[in-house]
Amino acid sequence: MSTSAVVMMVIILGANWGGFLALLWLALKKEASKRAG
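Just so you know, the sequence shown maps onto residues 867 to 903 in the working numbering.
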């Protein structure tokens with residue numbers, strides 16, 4: 867496996883994790899505002 871392929875995989879996985887964590891954070895914020903309101 868070439869180094870560039872590994873780098874691409876890491877970047878893609880990192881982007882997916884970033885999006886997943888952002889969605890999770892938004893969902894938690896929605897829940898918190900529901901409880902506060």
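Possibly wrong hints are sitting among the right ones.
Estimated spans, in silico, between C-beta atoms of each pair [unchecked claim]: (1) 868 <-> 897: 39 to 45 Å; (2) 868 <-> 899: 28 to 34 Å; (3) 869 <-> 890: 36 to 42 Å; (4) 892 <-> 871: 28 to 34 Å; (5) 872 <-> 899: 28 to 34 Å; (6) 898 <-> 876: 29 to 35 Å; (7) 903 <-> 868: 50 to 56 Å; (8) 900 <-> 878: 30 to 36 Å.
No lab work stands behind these hints, which were simulated from the structure alone. Remember, it's a predicted structure, so these values are computed and weren't measured experimentally. Don't be surprised by glycine CBs; every beta carbon is placed ideally from N, CA and C.
task: Given the range 50 to 56 Å, decide if the beta-carbon distance of residue 903 to residue 868 lies inside it.
output: Hint holds: Cβ distance 53 Å, inside 50 to 56 Å.
- prompt: Quick one: are residue 900 and residue 878 within 30 to 36 Å, going by C-beta?
  reply: holds (33 Å)
- prompt: Are residue 872 and residue 899 spaced within 28 to 34 Å by their CB atoms?
  reply: With Cβ atoms ~41 Å apart, the hint is violated.
- prompt: Okay, residue 868 versus residue 897 on CB: inside 39 to 45 Å?
  reply: holds (44 Å)
- prompt: Taking the CB of residue 898 and the CB of residue 876, does the distance hold inside 29 to 35 Å?
  reply: holds (32 Å)
message: Please check whether residue 868 and residue 899 have a Cβ separation lying inside 28 to 34 Å.
response: Given range 28 to 34 Å: violated, Cβ gap about 47 Å.
- request: Given the range 28 to 34 Å, decide if the beta-carbon distance of residue 892 to residue 871 lies inside it.
  value: Between residue 892 and residue 871, where Cβ atoms are some 32 Å apart, the hint holds.
query: If you check the beta carbons of residue 869 and residue 890, does the distance land in 36 to 42 Å?
result: violated (31 Å)
Hint violations for this structure: numbers 2, 3, 5, all remaining hints satisfied.
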